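Line order of the protein sequences matches chains G and Y.
Using the working numbering, you'd call the opening residue of the first sequence number 1 and step up by one each time.
Using the working numbering, you'd call the opening residue of the second sequence number 1001 and step up by one each time.
These are computed hints drawn from the structure, not numbers from a lab.
Since this is a predicted model, take the numbers as computed values, not measurements.
Backbone N, C-alpha and C define an ideal beta-carbon position, used for all residues, glycine too.
Among these hints, one or two may not hold up.
[Said to hold, decoys possible] So the derived list for chain G, only partly shown, Cβ under 8 Å to chain Y, looks like this:
1) G12
2) A55
3) T90
4) G91
5) T107
6) R126
7) S127
8) R129
9) N150
10) D170
11) N181
12) E191
13) P194
14) F212
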Amino acid sequence: MFKFIRTRIEQGMQTIAFPGGERELPERYRGRPLLECSNCGTARCPQAREDSPTALIRDGANGRAELDLGACLFAPEEAVGSASCGVRFTGDYRMATTSADALRTTTGEVQLAKALDERTKRLFGRSLRLRSVVAGSCNGCEGELVALGNVVFDLARFGVEFVASPRHADGIVLTGIVNRNMRQPLEATYEAVPDPRLVIAVGACAASGGPFRDSPEVMGIPDSIPVDLWIPGCPPHPLTILDGLLRLLGRMHERAASKD
Amino acid sequence: MSDWSLAPLGNRRAISLGAVSVQAVAEFRSSVIGAIRVGWRIVALFGVPEGADHVLLIAVLANDERGSLGALSTLVGNHYQALTPECAQASLFERELAEQCGVTPEGHPWLKPVRRHATDQAPNAWLVPERTREEYPFHRIEGEEVHEVAVGPVHAGIIEPGHFRFHAHGEEVLFLEIMLGYQHRGVERLLETQDRLRGTLVSESIAGDTVIAHASAFCGALEALARSHKSARAQSIRGIALELERLANHIGDLGAIAGDVAYQPGAAYFGRLRGECLNMLMTISGNRYGRGLVRPGGVAFDITPDMKTDIDRRVKRLEDELQPVAELFFGTASVQSRLEDVGVVTRDACLTRGFVGPVARACDVHRDVRFNHPYGVFRFAQIPVATAWAGDVFARALVRWVEIQRSLEFVREQLAALPRGELRSACGSLRPNELVVALEEGWRGEVAHIVLTGDDGAVRRHKVVDPSFHNWEALALAMPGNQISDFPLCNKSFNLSYAGHDL
């Protein structure tokens, strides 16, 4: 008993204040990417598009280059070009959005997730029960979802918890590419969640197929499952997920991600 | 090595494909079966399409005691006499072969799909009918009061998908059948790409908690085929990252085991300390799982002098914080009594079935790639093999704790004497018609990447064997005789990868 109490005192209080008390992320952390080009005007840069090793840079409207955060693997090689012209990673962990379209911008400045409408917010704002459905992933995103439950991030203090049955849940957290073998179980789980229900898509695989995008096993999220929150990352940092969830629940001040 | 005409291989030493003898099927069978009988084990057994109408069957075997690796092959049509009836280790490999290549191992007693996908490594001329993915012949046990409990694919926590079917009599499990494949993403075909970077990124996503081990084995195979030599510094940084990955996962596992026996202090403290290891990987690589660090030819990031001091300080603190928590966990009688004699894997079963990693070491089998088939930094800095003998949940937890202490020691030693050298050396085009086996001791056990190149030097086949592929059967063997309610605890003590198995 003495040992137990001593250890408890030694361990101390480890939970971070959030929002506001985030620990500093290391210098090499690769957060939300930015596309900048001072020569040919922001987002028109053809060189950056050519050099990009993944699907991060895509053709947008009017032949302009677009950054697709959903396809970003946050690999160091995705930072292409020079300081004045190209893609670079910022230290900003905030990047969750309400729609898939919002992930695609000409600069990487995304419109962060908006709060739910008043009625839904009243239902879920202070208590949200989620069911995790893993549908063709590598277990990276799941590792970070598990980490959200530890004493540092302590998701439960915000009234958000993962539950064991879809019938007890207010929504699902979806990770993975949605492959052929999991499409049907995913649909069945979604059907079992009572209305109104939320869908939160976590990670690059859910948004774009991630590193597996060229595989014939990728089916993608079916149209019958509308997504309310997209959280980019490979995998997303726990703070990225936490930030997205709290924005959706209207528990953060709404503001667009500023530069750095 | 002249026995059974095994072509001698080394870990990460490429050899000409011509050096691997192509034996007649009968000879191949007796060679493999004979070698397994005297202590060799199967690292991989897989097929490569050869011409329009044949499959080249390659067996890679290891003898851990002698530190040797060997390969042999045979050419088969769309059926051959299965090895499994005389060699249990071949069972899952032959099922996989049937599924990937469309070859029927005749006489296989348990021929079922492994991952439920369409044939993707069959010779062009073959028309292999696609199975319905739902079609799966489950094992059945009949009898009064015998009942089935089916769990999954969607589980009660944040867990990967898999289906478990228990046959139970009351609470007692008689038999457990594990059906996987829900995480199948077609990894092997994606790794066969010409685009080196794309391949590396996929290798980092084979199992998201084993990023460093899989990426290192992937790069190790390519480096051997390109005769690229890494600097001592790059090797040391890879070693540090590998051990940090082991630390994060072993510590996390101890926390999860504590959680499953309802010992909350252990779950909370170990859970947080897992995060500290991930954060150290993030300091080095910019990602909590070490993504972006390991690249063909070396590593993408250096450990700067400032970083070295900082990480050394953090590892020291981690060491100090872990000690009392582990004492608390292993010293609490109620915890001990929940872990002992639960989920036993016998040494005999381990040797016959070829289990790897902490699962094997917990039943007194000295099997550790870092020691038996040393590579990279582990040729110079040896980590003693940690073993226990009981083969139960407690033994698996204990092996993890001993390995945690040795990894901490290793990381601090390496940081203190980080050698000089380039971060990345050139890794050019691959030599044609060669075979290489790259083994890595990931935290779950032996990660194997086997690569064959074609006439043009392009990758012809990239075979991946995750330790979970060997070890899922250990869980199925450990359950009978235990209560269904002990399944979560047993499962946690193995903590196998669904993604790594399903590829």
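Hint check:
1. G12: At about 10 Å, which exceeds the 8 Å cut-off, the nearest Cβ of chain Y leaves the hint on G12 (chain G) violated.
2. A55: It is violated, given that the least Cβ distance between A55 (chain G) and chain Y is near 11 Å, above 8 Å.
3. T90: For T90 (chain G), the interface hint is violated, since the closest Cβ of chain Y sits about 12 Å away, which is over 8 Å.
4. G91: 10 Å, violated
5. T107: 21 Å, violated
6. R126: Violated: closest Cβ of chain Y sits about 22 Å from R126 (chain G), beyond 8 Å.
7. S127: 19 Å, violated
8. R129: 13 Å, violated
9. N150: 4 Å, holds
10. D170: 16 Å, violated
11. N181: 5 Å, holds
12. E191: 12 Å, violated
13. P194: For P194 (chain G), the interface hint is violated, since the closest Cβ of chain Y sits about 16 Å away, which is over 8 Å.
14. F212: 5 Å, holds
Violated hints, in rising order: 1, 2, 3, 4, 5, 6, 7, 8, 10, 12, 13; the structure is consistent with all others.
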